[in-house]
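S.K.: Residue-level listing of the chains:
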Amino acid sequence: MLKATLRSFLAHKGRLVLSALAVVLSVAFVAGSLIFSDTLSRTFDRLFASTAPDVTVSPKENLDEAIPSGMTPTVPAALAQQLARVDGVAAARADVGVENITVVDEDNESVGPTTGAPTIGSDWNPTERTPLELTSGRAPRGPSEAMLDAETADGKDVEIGDTLTVIAAPGSFKVEIVGIATFTTTNPGAALVFLDPESAREKLLGDPAAATGISVDAAEGVSDDRLKQRVATTLGADRYDYRTADEQAESDLDQLGGFLDIIKYVMLGFAGIAVLVGVFLIVNTFSMLIAQRTRELGLLRALGADRRQVRRSVLTEATLLGLVGSTVGLATGIGLAAGLIALMNTLGMNIKSSEMVIGWATPVAAYVVGVGVTFVAAYLPARRAAGVSPMAALADAEIAGVGRPLRTRAIVGGTVGALGAAALLGCVTASETGSAASLLGLGIVLTLLATVIAGPLLVRPVIRVLGGAFPALFGSIGRMSQRNALRNPRRTGATAAALMVGLALVGGMSVASASMTDSFDQQIDKTLGADYVIQNTNFLPFPQEVTDAVRDTPGAGLVVRSRFTPVAVRLPDGDRVETTAAAYDPRLDDVARITYAEGDTPAALAAGRMAMDRDFARDHGVRVGSAIPVEFQGGRTTELTVGALTDQDQAEGFGTQGGLYFGLATLDRFAPGGQDSALYVNAASGTSADDLRTNLEKTLDPYPQVQVRDLADYKELVHDQIAVLLYLVYALLGLAIVIAVLGVVNTLALSVVERTREIGLLRAIGLARRQLRRMIRLESVVIAVFGAVLGLALGLVWGVCTQQVLALQGMKALAIPWGTIVAVVVGSAVVGVVAALLPALRASRMNVLAAIAHE
Amino acid sequence: MSTPAAQYVPGQASADGIAARARGLTKAYGTGETTVLALDSVDVDIARGRFTAIMGPSGSGKSTMMHCLAGLDTVSAGQVWLGDTEITGLKERELTRLRRDRIGFMFQSFNLIPTLNAAENITLPMDIAGKKPDEKWLDQVIDTLGLRDRLKHRPSQLSGGQQQRVACARALASRPELIFADEPTGNLDSRAGLEVLGFLREAVDQLGQTVVMVTHDPGAAAHSDLVLFLGDGRIVDEMERPTAEAVLERMKRFDVTKAPFDAQGPPPGAIPTEGDGPSLDKD
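Chains A and B, in that order, give the protein sequences.
With the numbering used here, the residue at position 605 of the first sequence is 605, and numbering never jumps.
Remember, the numbering used here sits 855 above the position in the second sequence when you count from 1.
Hints in this document: simulated from the structure, not taken from any laboratory.
Nothing here was measured: the structure is a model prediction, and the numbers come from that model.
From the three backbone atoms N, C-alpha and C, an ideal C-beta is built for every residue, glycine too.
One should not assume that every hint holds.
[What the hints assert, rightly or not] Partial pick of chain A residues on the chain B-facing surface, computed with a CB cut under 8 angstroms:
{"hint": "1", "residue": "Ile-765"}
{"hint": "2", "residue": "Gly-766"}
{"hint": "3", "residue": "Ile-852"}
[To be verified] Calculated from the model, a selection of chain A residues having no Cβ within reach of chain B, i.e. all distances over 12 angstroms:
{"hint": "4", "residue": "Ala-421"}
{"hint": "5", "residue": "Phe-474"}
{"hint": "6", "residue": "Ala-485"}
{"hint": "7", "residue": "Ile-524"}
{"hint": "8", "residue": "Ala-764"}
{"hint": "9", "residue": "Leu-849"}
Chain A on its own, in the form it takes in the complex:
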């Protein structure tokens, strides 16, 4: 029996190629993502472990910064001298490392990374742990000399002797590049500018006595833990944060971890799509192979093979396919990881492909996914094969597997669909975001399942309509292609399902994102009253110097500053909420329109007052007049009285839970040192908005990190942010479509083989090759469009439900991007045409006589 299985596997290898390709793709993405993230983790692990000092003393971090406030917390630099005298300390250094700076060249172009990675200003005080070494020029001396890292210098054509401007919080200054330093380890992607230690403190922190941290080296024989203890005892355990080398490396890795995790999850998302869509392909292939082999299986049964043997034979074939696919997939995954590493290197990192890490988990996961998916996908077809009666050996092969009733599918699909619909209905009517989101997730999964199960039942009614015009448009050819698509609803359903899954995702996401975009637009229209907003593209804060320059711009009238700051509030119901609050200048009403439930802007921004979102206040028992204890960054606390309650659509979201804001003076009093995140500017009377724009743009020329935006530009910026999300979805869709095309090709190719005699007959009675190709193409198109229509219908439902959940967050607009939807339907027709190319060519090349004689 095993021999027979092997023979059959080899005999059908051509037909298994496309299924194997689906396995290869899924496994490649799984393996590639694991290898890539393992390699990256180890690289950075090594980097941080080798560069972290034995003990680090850093400013106490009482609150997490969800949105940057622009504050650079410091410690006294003198702590270094104090610690140097502690027993067990070999050396202690005051360090400077400032992330939020901008460095521009003589043309006012930023030399920083374009990837969103920071530009770091630091002191040059090399030790054996410094991950860079001076490779040309010399170390910087004095406040007008600096050193740049080699990758940035190469990338931006900066040479020794060039003058750059460093825009730092205390003010911008010019430096001459006197040296270039090269990373001896991996460059995490940042741009680095080094000054001599004294200048760094003075110019970057604005305080010669401050440092961003103290590095402490242990004397021989003193463990890091012991040293940390001694340092903490000396300085006071609660005053600063203390970390050993291991803890510091871990904390650094955690910060980078978010980025690594994103890459990993995106890759796993691709793998998931590949697996999901691949399953349909494999199920379909095996179903078709078994339908074609019904007579052969019947003969085996007639000769005495029992059901178990038949089933095992099919499953063995599937396992073989899985093993081959996984092996090729693993190899492809290694290639994929190498490609990603190369991509990272072009983005400024320095990871050696030769140090690629392939942990034991990678091949295990590859084979578990590859073999597991194939086995599971082949299980149902295998059971069906085992059910073939010995009589099938005598019957006509075409009948088998076609006419079986779909009643079970109808019942299961209907039930799951009803549950899914109920979940979606629940999500639409839910009033709380948390439960609505989980109901939405459940509803999406259930309705997807239901559509996949009941897909074959929808084939007849939907394709009757979709292909309804075919007979009129294409005559007999159209009629035959439409009916061919209807011939085996199960097969058509499964083929279209692959496309459906991808397009349902796209449909849902595009509705959600269009609704978000519209909501933001409406929100911006409703609230933004300023002529211009001056802001960083990444919403990062900028130095005071920029604000001063804007104020001094000719024609600038009112300038209202806005800042963000992390706060913790203790609420009357006992909850402590850590969130981000905003702070504004008093004349906020002239640049923004805020709807208040109670109170007004002056009441909110007055000294000792704050504003809060009405719903948040209600949930926590806050009323106008409530005194709320507020803790600021740096540890100072005060009580602020709620002066106003706002009634805004989008008060919350993006880490600004509670919609808290107060006067900028209040913030400066309790947490000084922050930077402005946005400036709202109105033209002075007598100056036109256009003139102001020209003037502002001239003023801001030396500051490439901030831009002037009017209402339309501001919307554009928000659209771009949402578009990033969409690009990811489109990439996912791309993969899903590739696999779906494979599925359609697969189905058509096997159908063409099955219909060899029919094709021969058609050719004999005068069907031209061109007409035959058109017939197959039309069938392919109708299957693809069927998948698209089903997917988009499902996606629309998901999108509308998602919008309902978003509405709870204040995004109340519902937008359906009809353009995208029409484009997807047209695109799916193109997909159908492309998928039909090879099968149609193959069918038209068939020898007429051989086809007629085909058994």
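Knowing the structure of chain A, use the given hints to seat chain B on it.
M.R.: Chain B alone, transformed into the frame defined by chain A:
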């Protein structure tokens, strides 16, 4: 009764009265020493308005001859005409159009497209050509074949005999110059087979069609006007107004001379006497 083979003399070709003809028709398979000649320089004329049967033992080349005459297969050498059109040398596209517009086909089995109903199958060649069927003629064909109440049925809902009748109707529907029937009764029981043969006969006698039928059933051949006997890729004999007995007798001689160890013996009780049938002398 016997006709001299004069009509096979090369060069003699009357455009009128000849539906198809071949000169030096040769079909070889394989190359070099393994070459097999399926047709060995055959000359043949198919008379218009007649029912011609082609007979011969397995491997005699009868199907190959039909395929070559019908433009389904390419020839190795020689020429084939359909009416006045030389089809040897035609391009694939022209051959397809020729089959579609000027030839009707009936095969042994799998004659119909399963997704189309009887009416759609009947008009398929014309639909493919984008032509409107001649409704009067179509009605006549459908009524002659007794398919009026079966038109909406799919092939799977029809019996084997009904399916062959639909195939016959399709072959007739476009009023082609020539109908080729490849073992049209091979898969039918004797009653249904007789019915189909009766219709082919009627198509010739009443509708004025020209039919060429390949068969190995002497009973089927007996319905024709003329039987051509093929052996080893040549036309070895012919028989006008054949009877089943005479054809069987002639075939038996193939069995004896060409296939002495053929398992197929003559059926018992069918031993005609010499001279009883028409003269079957080989030349």
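S.K.: Now look at each hint and say whether the structure bears it out.
M.R.: Hints and how they fare:
| no. | hint | in the structure |
| --- | --- | --- |
| 1 | Ile-765 | holds (5 angstroms) |
| 2 | Gly-766 | holds (2 angstroms) |
| 3 | Ile-852 | holds (7 angstroms) |
| 4 | Ala-421 | holds (35 angstroms) |
| 5 | Phe-474 | violated (10 angstroms) |
| 6 | Ala-485 | violated (10 angstroms) |
| 7 | Ile-524 | holds (57 angstroms) |
| 8 | Ala-764 | violated (6 angstroms) |
| 9 | Leu-849 | violated (6 angstroms) |
Checked against the numbered hints given earlier, the structure breaks hints 5, 6, 8, 9 and satisfies all the rest.
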